[in-house]
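Undergrad: Line by line, the protein sequences give chains A and B.
Adding 64 to a residue's 1-based position in the first sequence gives its number in our numbering.
Adding 64 to a residue's 1-based position in the second sequence gives its number in our numbering.
Mixed in with the good hints there might be a few duds.
Since the list gives no way to pick out one identical chain from another, each pair is judged satisfied if it fits inside one copy or across any two copies.
With a straight-line cut-off of 25 Å between C-alpha atoms, the simulated DMTMM-like cross-links for lysine to aspartate or glutamate are [stated by the list, open to error]:
{"id": "1", "residue 1": "309", "residue 2": "150"}
{"id": "2", "residue 1": "191", "residue 2": "315"}
{"id": "3", "residue 1": "191", "residue 2": "201"}
{"id": "4", "residue 1": "191", "residue 2": "175"}
{"id": "5", "residue 1": "309", "residue 2": "333"}
{"id": "6", "residue 1": "191", "residue 2": "150"}
{"id": "7", "residue 1": "87", "residue 2": "344"}
{"id": "8", "residue 1": "133", "residue 2": "148"}
{"id": "9", "residue 1": "87", "residue 2": "341"}
{"id": "10", "residue 1": "191", "residue 2": "232"}
{"id": "11", "residue 1": "351", "residue 2": "121"}
{"id": "12", "residue 1": "351", "residue 2": "363"}
{"id": "13", "residue 1": "266", "residue 2": "333"}
These aren't lab readings, by the way, just hints derived from the structure by calculation.
Now for the letters of each chain:
Number of protein chains: 2
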Amino acid sequence: MRALVTGACGFVGGHLVRHLLEKGDQVLGTVFPPSELSAGQQERRFSFPHAVLDVSDAEACARCIAEYKPQVIYHLAGIAFVPEAEADFPRTLLVNVAAIDNIFRVCHLLENGTKVVLISSGEVYGKVRAADLPVTESTPIAPTNNYSLSKAMGELVAQRYARQGQSEVVILRPFNHIGPGQNNRFVASSFAWQLARMARGKQELCLQVGNLEARRDFSDVRDIVRAYRLAALNGHGVYNLGSGKAVSIREILHLLLEISGLDVRLKPDPARMRPSEVPEIYTSLDKARRELGWQPQIELRRTLSDVYHYWLQAAS
Amino acid sequence: MRALVTGACGFVGGHLVRHLLEKGDQVLGTVFPPSELSAGQQERRFSFPHAVLDVSDAEACARCIAEYKPQVIYHLAGIAFVPEAEADFPRTLLVNVAAIDNIFRVCHLLENGTKVVLISSGEVYGKVRAADLPVTESTPIAPTNNYSLSKAMGELVAQRYARQGQSEVVILRPFNHIGPGQNNRFVASSFAWQLARMARGKQELCLQVGNLEARRDFSDVRDIVRAYRLAALNGHGVYNLGSGKAVSIREILHLLLEISGLDVRLKPDPARMRPSEVPEIYTSLDKARRELGWQPQIELRRTLSDVYHYWLQAAS
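If we strip away everything but chain A, and leave its shape as in the complex, we get (with noise of 0.2 Å):
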């Protein structure tokens, strides 16, 4: 298949065109300015084929498609992290809501029949009551930030254009996906950054927690990706991803304080230890299952060993 991967330089983007190419396909990856990317983003960059794209750009996003006449289009880029989000609106419209709109409105012209199979999110469910569990893709959304709320509202600009028949659209709602290479913001790639360098002794051996009671749903990012292929070849509709169950942020750190080895005090961070809003979530993978024929296989013991040894490595 000729695939398009926006976002090709993010976290869940490598992933993906490692996995894409692997299977044969053809890849093409969209990245930032250069300006503009990570030390890691420049690194994944050269090792795929990629142009340069902003895809808040409708001009630029018509030219590229209109260029590359892809098959499938695996939209990943924008704002990923919640705080980023809700510190910037209108940004957040413009590169999660408006940019969707752009790869859109282009297919439906070119009427190549492409697939998009767009990266929505498990936190469009927001806060869902404890006899409601497991979500399922037909639990109501209910979206309580930023960030979901533009993935609940780039998911209506997508079925939009479904409804019109120009193009075909799958929308996946992973819950949260660990692994090697994700940005230290998020909390498990956090605490295993920072037990990484207390093993380089580049930290004193204390790891200041918040609240770690919430419990989610972590999936390994190499499953999540091998579902995105799956979604292009079969899917229809939208699919929840994840591991199926529910784990706590106390149990993500034991499991990595065991794989370090390390002896680790924890201080907790008093303005980190308010409630979860959201206290337990995890989803069915039944759709998945039944539709796509895709299972998680990776264990979450592995995905942390392999995300605390990618720090390791990295803090070297």
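With chain A fixed as given, assemble chain B onto it according to the hints.
TA: Below, chain B alone, put in the same frame as chain A:
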């Protein structure tokens, strides 16, 4: 009640401000900077207490609301013309979506228990199958253009804050409403404007028409703004507002021809003859009747007569 009306210089805003003042409410209307107002808007501007405000400016919104301390905010400001929204989605997102966040964010922080009456649109339902008419508040939404998308997105923003409990919100989804003062870009107003110009000898007795078969739910703006105030007093959740029946564009035209008494030749415009995406739509009024004690009172013929005479005066 101490009311803030955003978009007070608009067609509906003008009617709402008049109604609130008649009812003895205290009103501050927000208006665009004078340089951006049309002559008709300028005129409305100086007939009531007002402040200049661009609702897409977060700081200006915060200042205005914190100073005036309204008990209720009627949020009407925004892009209301479908082709205008279609032509510039990023701007539509800023004006119709980010502005709603600006308003709720300050209400949320002030914790004054301000109630927000959010004006969405019956357009959020998109195309509804004949078997599913009339539309009710639980009909699934399916927005089909940038305007209705932005309205659905604005609702998501409002619901986010409503769930957090610091501000109360009532969401209104009015269907097509017409009346004196409406811009002549809208179909009924456009017909009436052209007929008034013919009556004044300023246009030949020939009217270009597009597809006249689309059937819509037309109500009088003065009935609609009455519902806005009742919603501020007694409303919770979402309400559809309309006449409760469908009328074709052809019937609107024929009523206007009767009212004008002119013998006009109709000239089909091939460019506008394609069938409407939504052949027929009308709403149930059950919920608004039951919970707001509201129902429309003004007959369509009287509305159209008032619109015609408004333009007759303007063309004199």
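Undergrad: Within a copy, between copies, both or neither: which one fits residue 191 and residue 232 at a CA-CA cutoff of 25 Å?
TA: Intra 30 Å, inter 19 Å, cutoff 25 Å: inter-copy only.
Undergrad: As a check of your reading, is residue 133 near residue 148 (CA-CA no more than 25 Å) within one copy, between copies, both or neither?
TA: Classified as neither; 32 Å inside a copy, 30 Å across copies.
Undergrad: Can you give me the call for residue 191 and residue 175, within, between, both or neither, at a CA distance of at most 25 Å?
TA: Classified as between; 22 Å across copies, 39 Å inside a copy.
Undergrad: Pop the pair residue 309 and residue 333 into one bin, within, between, both or neither, using alpha-carbon distances up to 25 Å.
TA: Classified as neither; 27 Å inside a copy, 60 Å across copies.
Undergrad: At most 25 Å between CA atoms: does that hold for residue 351 and residue 121 within a copy, between copies, both, or neither?
TA: neither (35 Å within a copy, 43 Å between copies)
Undergrad: Between residue 266 and residue 333, at a C-alpha cutoff of 25 Å, which is it: within one copy, between copies, both, or neither?
TA: Answer is within; shortest intra-copy Cα gap is 21 Å, inter-copy 75 Å.
Undergrad: My question is about residue 87 and residue 344: at a cut-off of 25 Å on alpha-carbon distance, are they close within one copy, between copies, both, or neither?
TA: Neither: 35 Å inside a chain and 48 Å across chains, both beyond 25 Å.
Undergrad: At most 25 Å between CA atoms: does that hold for residue 191 and residue 150 within a copy, between copies, both, or neither?
TA: within (17 Å within a copy, 33 Å between copies)
Undergrad: When no copy is named, should residue 191 and residue 201 be tagged within, between, both, or neither for a Cα gap of at most 25 Å?
TA: both (15 Å within a copy, 23 Å between copies)
Undergrad: Which holds for residue 87 with residue 341 at a C-alpha limit of 25 Å: within a copy, between copies, both or neither?
TA: Classified as neither; 40 Å inside a copy, 41 Å across copies.
Undergrad: Checking residue 351 and residue 363: alpha-carbon separation at most 25 Å within a copy, between copies, both or neither?
TA: Answer is within; shortest intra-copy Cα gap is 21 Å, inter-copy 51 Å.
Undergrad: How would you label the pair residue 191, residue 315 (within, between, both, or neither) given a Cα cut-off of 25 Å?
TA: Within one copy only: 21 Å inside, 48 Å across.
The earlier numbered hints that this structure contradicts are 1, 5, 7, 8, 9 and 11.
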